Every structure is written in structure tokens, then in C-alpha cells.
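Chain by chain, the residues:
2 protein chains.
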Amino acid sequence: MTEPQSYYWDDLTVGWTYDFGPIEVDREEVLAFARRYDPQPFHLDDEAAAQTHFGRLAASGWHSCAMMMGAMVERWQQMPGWQDQSLGAMGIDELRWRRPVFPGDRLRGTCELIERIASRTRPEMGINKWRTTLINQNDEPVLSLVSIVMQKRRPPTSTADDEKY
Amino acid sequence: MTEPQSYYWDDLTVGWTYDFGPIEVDREEVLAFARRYDPQPFHLDDEAAAQTHFGRLAASGWHSCAMMMGAMVERWQQMPGWQDQSLGAMGIDELRWRRPVFPGDRLRGTCELIERIASRTRPEMGINKWRTTLINQNDEPVLSLVSIVMQKRRPPTSTADDEKY
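Protein sequences, first through last, are from chains A and B.
Numbers in the numbering used here are just positions in the first sequence, counted from 1, shifted up by 653.
Numbers in the numbering used here are just positions in the second sequence, counted from 1, shifted up by 653.
Rather than coming from a laboratory, the hints here were simulated on the basis of the structure.
Since the model is a prediction, treat every value here as computed from it, not as a measurement.
Fair warning: there could be bad hints in the mix.
Pairs count within a copy or across copies, as identical chains cannot be separated in the list.
As the list claims (entries may be wrong) - Straight-line Cα separation of at most 16 Å, EDC-like style, residue types lysine to aspartate or glutamate; simulated pairs:
1. K782 x E768
2. K782 x E765
3. K805 x D664
4. K782 x D664
5. K805 x D663
6. K782 x D746
7. K782 x E747
8. K805 x D737
Using the sequences and the hints, build the whole thing.
Right under this line is the structure:
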């Protein structure tokens, strides 16, 4: 699918997809994130993790989300106008940690626009729902979610008035 | 509601609630998280944030989730047996960033068990759904979500056999 002519809500089409990544999962960073935000044994310690369903040291699920976000923001910086036209996410639905993420993994992601909703109360914006999926180096999905994002609408132009004359 | 006799799936009751926190939101940490995982201007820069709907520098939504997790894990460490009986979260539904989280905020949270589902395929575990809410120092909700958590079932005892004799 070709790139939209702008990233205003009006110019985005259901089905449009962009890729992001890669994300290299660094062991020291996995440990540092877990120590501060998710100090459970299977995120901190090889031996403890070996005795759990993860089988070995795995990243915190919230760390996977954070790494995903970092790679998405990097991608947006290559999309001129995106950062002006996106108003941020209201929330997330259907987040699923589908497989563990391990140090040494190399992840990449896709975002697909799955739904567009005009705002009844705020005519200057619309809502977009995006399905984001992260896969690992074996093409296995590790994380998926649906984000609910506010996006500016294309500002009214003077075209209508121009046509009168 | 009184504390359950164990944290096995069988011994938890819909409506049981526990509190966690407080979480002190540190400005330097907000900036460090954003630089690594969410480098958007409103998470990085006071002046840029002042021009957005946040009004001033706000924490990344993923940082709020990570801080929530850290405070929950700390709370679980005070609940003997919890860490053995919880098998981790499969995912999250209905995550909503309801208000910005600002440096200097003091947050606290509650987790309420809202649904219990026995597993048809894995008799050794059940599924619990918890509604987690974070509020700030003004009692305003800033974050809410529903987590889907796997929990061990109480192991079979020899009681049945004992009764034969």
C-alpha cells in the first residue's frame, strides 16, 4: 500500500501498514529494567528462570512494551508530519504476551490501521485503532495489542469560500 | 474483605481487593525512561510539553505501567505464597491512560479480583481477571486496566483416599 498523502485522520486508510524495528534485546538492559520495575525471579536470575515456564531468563512484559514503543517512535521520526498529527494514545486493548522475549532476541514489528472512528464531540480529531504485532527472529509472534490513538483531522481550507467567487 | 487462606485460584473470591503503593514519580526517572523508550517531546521537554494537551512534562504511559508493576511486585513480596502461586499474566485488556502522570505525583493503586475462570485444558491452573486502578494525590484515576493472570490451583490432597479407611 502506498504512503498516505498526510497523516491526518482523513488521509489514512484501513489496511495501511507500516513496519518498525529491529529491536535488539540486550541482557543487561533486561536485568536493569526488571530490577527497577518487575523484580520477579524469572526476570532477574538465570537459575530461577530455568525452573519456571519461561525456561530461561525472560524480559518483563512491560519491558517488551517499552522496547516496542521506542522502536515505533524512532519509525515515526522518519514519517514527516506524523508527530504533529498524532495526539497520542488513549489506551490499549487485547494486549497479549504470546511468547517470552529473551536476551539476544531480535524483534521487529508491524502496525496496521484496523478501524477509523470520527469523534462526535471533538470535530478536530478522529480515533484510529491500530493492531501492533512484534515478532522474533524465528517469525514467532511475541506480543500483540490494539492501540487507540487520537489523530488530528485535516484543517478546513478556504476552498469552499474560494469556489463562491 | 479478609485475606484469603491461600493465593491458590481456589481460595480467591471475586471482589477481594488489595492495595499497593505509594509510587513517587521522580522527574529524572521520567526523563530517563522517555529518552530510552518514548522520546516524544511532551515526555522530554518542559517547553514542548507546555504546548500540548498535557500542559506540562508528563510521564510516558508505558512508564506509568512499569511503575505500577514495580509497586505491585513490592506488594506481592508481602503476601506469603503469592509468588509461588501466581503464574504470570497472559495479557491486558481495557488499558486506559485516563489522566497524565506528572513528575512529583504520588500514586497509589488497587487490584480487585473481578472474574475467575477455570481452565478446561490445564486443570492445574485457573485464570483470574483483576481490575487495577492507579489514582494520584488528588484521588483522580490516572490509569486503569484489566489483567488476565494464570494462578495455580490447590494441589489435590490425599483426603479422598484417607476417607476410605
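| What label fits K782 with D746 when the C-alpha limit is 16 Å: within, between, both, or neither? | So K782 and D746 pass the 16 Å test inside a copy (10 Å) and across (14 Å) alike.
| query | Is it within, between, both or neither when you check K782 against D664 at 16 Å Cα-Cα? | reply | within (15 Å within a copy, 38 Å between copies)
| request: Tell me, please, which holds for K782 and E747 at an alpha-carbon limit of 16 Å: within, between, both or neither? | output: For K782 and E747, both the intra-copy (12 Å) and inter-copy (13 Å) Cα distances are at most 16 Å.
| field | Up to 16 Å CA-CA - E768 versus K782, copy category | value | This pair counts as within: shortest intra-copy Cα distance 5 Å, inter-copy 26 Å.
| request: Please work out whether the CA atoms of K782 and E765 approach to 16 Å or closer within one copy, between two copies, in both situations, or in neither? | output: within (8 Å within a copy, 28 Å between copies)
| task | First find the shortest C-alpha distance between K805 and D663 inside one copy, then the shortest across copies, and answer within, between, both or neither for a cut-off of 16 Å. | result | The answer is within: 8 Å in one copy meets 16 Å, while 48 Å across copies does not.
| said: Reference check for the pair K805 and D664, CA-CA at most 16 Å: within, between, both, or neither? | reply: Within. Shortest intra-copy distance 10 Å satisfies the 16 Å Cα cut-off; inter-copy 49 Å does not.
| For K805 vs D737, is the C-alpha pair at or below 16 Å within one copy, between two copies, both, or neither? | Answer is within; shortest intra-copy Cα gap is 8 Å, inter-copy 47 Å.
In the structure shown, no violation is registered for any of the earlier numbered hints.
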